[in-house]
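Please work from the sequences and hints to get the whole structure.
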Amino acid sequence: HTAVGGNWRCMHMNMAKEPFSDKNLRKAVAFALDRQEILSRVEFGEGIIAHGPISPPMGGFYEAAFESGKNGQYFDLEQAKQLMKQSKHASGVEVMLLSGNAGTAPRQAEVVQAQLAKIGVKVNIELADAPTFRRRWLQERQWDLVGIQWDADLDPDETLYPELHSTEAWNAGKWVNADFDKMVEGARAENDFKKRKKFYEEAVRLIVEDAPVVILMHLNEQKVFQKHVKGFQMIPAGLIDMHRVWLEKA
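Going by my numbering, the sequence shown opens with residue 81, and the numbers climb by one from there.
I should point out that these hints are in silico values taken from the structure, not numbers from a laboratory.
There could be a bad hint or two in this list.
Unchecked claim - Per label pair, the in silico range of CB-to-CB distance:
{"no.": "1", "residue 1": "E126", "residue 2": "A194", "range": "42 to 48 Å"}
{"no.": "2", "residue 1": "Q306", "residue 2": "K202", "range": "47 to 53 Å"}
{"no.": "3", "residue 1": "K329", "residue 2": "S246", "range": "50 to 56 Å"}
{"no.": "4", "residue 1": "W326", "residue 2": "W250", "range": "16 to 22 Å"}
{"no.": "5", "residue 1": "R268", "residue 2": "G318", "range": "32 to 38 Å"}
All C-beta atoms in this analysis are idealised placements derived from N, C-alpha and C, irrespective of residue type, glycine included.
In C-alpha cells:
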C-alpha cells in the first residue's frame, strides 16, 4: 500500500540573525526552489510537491485548489530574482545549510545548493549525524538553513503549532508572528470544523506571506504485508491500526 503521508519536508530559515532576518531574501529562496526537480531527483517522485504545510490525508483541511494553484509557495525563478534585488543582499550572500548525513538528506542539500546559486545565494553544506544534527539544530541554532521532515498525525494542529508557534522549542528559526499564534491557538480552542478550517487557512496564508520556512513536498508512505493478511487499513500518518487485521491462514 502506498499513500501520501501526513508529513511535510521543508527548510527552516534562521530569523534570529542575518541574513534571513530579511523577508525579501526569505521569499526569494522560497520562489527559487524547483520542488518538482527536488522531488524527482531526491525522492524519485515518491510523493507530491507541496505549496502549503497541510497534507492531503488531513481531509477537509487540505485544499486541493490551494495546493495546485499559485496561492502558496511555488517555483518562479524570475520572481525570486526580483525579490533578491529588493533584499539587502542584491549582490549575493553566503549561507550555511545544516543537513543530516543519512538517507536522501545529503542529496537534497546538493540540489538545493545548485538551485539557490541561480539567484546569487552561495550555500555551504554542513552534514551531521543524528545526535550532532539535533544538538546544532535545536540547542546551538548556529545555522542559516536547516532541512527537516515533520511527521504528524491527521490534524493540522500537530503540523503547525509545535513547529511554528513562537513559544515552541521546535520553532528553532525563531519566527515570531502574533497573528499566526492567534490563529493556531484559536483553532485549538474551537470544535466546529468550518471555524477551525478558517483559522488554519489564515495561518497558512501568514506562513506563505512571511516565509519563515520553505515548503517542499509531502512524501509517500509505504506498507508491505503478505497476501494472507486481511482487513489492513492504510493510515498515512506513521500509524498502524491492528484492530481489524486478521490472518486468512495461520
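Structure-based check of each hint:
no.: 1; hint: E126 / A194: 42 to 48 Å; verdict: violated, 21 Å
no.: 2; hint: Q306 / K202: 47 to 53 Å; verdict: holds, 50 Å
no.: 3; hint: K329 / S246: 50 to 56 Å; verdict: holds, 55 Å
no.: 4; hint: W326 / W250: 16 to 22 Å; verdict: violated, 39 Å
no.: 5; hint: R268 / G318: 32 to 38 Å; verdict: violated, 22 Å
When held up to the earlier numbered hints, the structure conflicts with 1, 4 and 5 and fits the remainder.
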